[in-house]
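Engineer: Build out the structure end to end from the sequences listed, making use of the hints.
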Amino acid sequence: MSSTIFDRARPAQSVVTASLVDTRQSSFWLDDLAPRASYPRLSGNLDCDLAIVGGGYLGLWSAVLAKQQNPGARVVLLEARTVGWAASGRNGGFCEASLTHGEENGRSRWPQEIDRLTELGVENLDAIERAVADLGLDCDFERTGAVDLAIEEHQIDWLNAETTDDDTVFLDQAAVQAQVASPTYLAGVWHRRSSALVHPGKLAAELARVATELGVEIFENSLVQNLDATGLSAASGTRVVTTSGTVTAHRTALATNVFPSLLKRNKLATVPVYDYVLMTESLNASQLASIGWQNRQGLSDLANQFHYYRLSADNRILFGGYDAVYHYGRRVRSSYENRPETFEKLASHFFTTFPQLAGVRFSHKWAGAIDTSTQFCAFFGQARGGRISYAAGFTGLGVGATHFAAQVMLDQLAGRATERTELAMVRGRPLPFPPEPIASAGIQATRWALNRADHNRGKRNALLKTLDALGLGFDS
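In terms of the numbering used here, the sequence shown opens at residue 1 and continues consecutively.
There may be inaccurate statements among the hints.
[Claimed, not checked] Ranges of calculated distance between the beta carbons of each label pair, as one might list FRET restraints: (1) Gly245 - Pro35: 25 to 33 angstroms; (2) Glu129 - Pro183: 29 to 37 angstroms; (3) Glu213 - Ala417: 26 to 34 angstroms; (4) Pro35 - Glu129: 25 to 33 angstroms; (5) Gly136 - Pro71: 15 to 23 angstroms; (6) Gly136 - Gly292: 27 to 35 angstroms; (7) Leu472 - Lys264: 35 to 43 angstroms; (8) Asp31 - Gly136: 20 to 28 angstroms; (9) Gln112 - Thr418: 13 to 21 angstroms; (10) Trp448 - Gly72: 53 to 61 angstroms; (11) Thr418 - Arg193: 23 to 31 angstroms; (12) Gln69 - Val21: 47 to 55 angstroms.
Simulated from the structure, these hints should not be mistaken for lab results.
For every residue, glycine included, the Cβ atom is placed at its ideal position computed from N, Cα and C.
Structural biologist: Okay, here's the thing in structure tokens:
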């Protein structure tokens, strides 16, 4: 097999080791919230019009939009721990327009709809940008666009195949390095309008603030154990049972992301894939000048095992991706978040990318579980005679798509037939992952094949070609 740039241009081990001394194991985005608002635990029983299970972006957008649509409705949001503590407080902060995890994936699955899905995705990002302004969301929103980077020769051909226009600009080696100075960059495509950056922790906290100002009742540390409709008519709704009380809701929206589904039908629909992130200390003026990056775009390379990175408002660099780790049994555990070999690998790749930043230290390291589906993007559905709606499987692109998904769920719960609810993407359902031990064996084999392809000029072997033909896959 051939090597990759990260094999050919490894930094000195001393640089990597020094960068990780005293690095804090915690999400920078959550640590950067001061003070963080807190909400009470549910105690006792209550009735409401809409119960929302999950205090991440999907649940929070659902709460805000529900109250905007019907100010008189009683809306209750139940969170097992604290608002935004999971994926919504650990992601890279890339707010993408794509609802389908990229145009290629969308076109392969919904060829008749992809052009409209692309338009709806841009409209969704525009709506988020308006909401940030109209609601006064202090979340460091920047519509800077994103650059896809070729870091191996064969990837240049992939970029050359893209259709360009005023908002999709091809950058040759000189042009891309004029944007951001890295010896690894061979070419790029800058998507100027289809991506924005946010501070993930602030976005979750601000949505919770707005929701409560609109009258939403948020309860933290209120783990939902089951959904019970025994003896209740469809008009009466569902009992949402927690460890400390029960909410009887006319309608219920499930926004539980990567955590075990409350509906049996979704038990095999997703797998939790752990993604790892480093955050540097704030760069000083000379360090920032050495890399340029004046347009502050989000960046990602084109490998199967890709990296994504961006600047924060205080000029730290977030650098994440590459390893995507699945643990046997679909388990989500905090012990999986500290993986020294992955953090060391990310640090090595960082200094290959930016050798001029040798000496920079990483202030934070963390990980989070991604709710991966076989179609690489969200799926939707209803249960219990329309009393319950759900969305899950965002596969790493939920920062923007959860706003769209919240609208879908609210349309469904209200019995509204809209353009959104009639989409084949919304009405269909992905194939499930197999049970163990087949799931683990298959995912590990796929990871091996993806790594092999990255080390073989992107050439996909028989396993990957078969999965492509079946519309199956594994991604983060």
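Engineer: Are the hints correct? Go through all of them and say.
Structural biologist: Tested hints:
Gly245 and Pro35 have their C-beta atoms about 27 angstroms apart, which keeps the hinted 25 to 33 angstroms range intact. For the pair Glu129 and Pro183, the supplied restraint of 29 to 37 angstroms holds, since their beta-carbon distance comes to about 34 angstroms. A hinted range of 26 to 34 angstroms holds for the C-beta pair Glu213 and Ala417, which are about 31 angstroms apart. Between Pro35 and Glu129 the beta carbons are some 27 angstroms apart, a value that agrees with the proposed interval 25 to 33 angstroms.
Taking 15 to 23 angstroms as the suggested C-beta distance range, the pair Gly136 and Pro71 conforms, at roughly 18 angstroms. Checking the proposed 27 to 35 angstroms range against Gly136 and Gly292 shows it holds: the Cβ atoms sit about 32 angstroms from each other. Take Leu472 and Lys264: their Cβ atoms lie about 22 angstroms apart, and the range 35 to 43 angstroms is violated. Under the hint 20 to 28 angstroms, the C-beta atoms of Asp31 and Gly136, about 23 angstroms apart, fit the expected range.
Hint check: Gln112 to Thr418, Cβ distance near 18 angstroms, so the stated range 13 to 21 angstroms holds. At roughly 55 angstroms, the beta carbons of Trp448 and Gly72 sit within the given window of 53 to 61 angstroms. The hinted range of 23 to 31 angstroms is satisfied by Thr418 and Arg193, whose Cβ atoms lie roughly 25 angstroms apart. Checked against the hint of 47 to 55 angstroms, the pair Gln69 and Val21 passes, with Cβ atoms roughly 51 angstroms apart.
Hint compliance for this structure: hint 7 is the single one not met.
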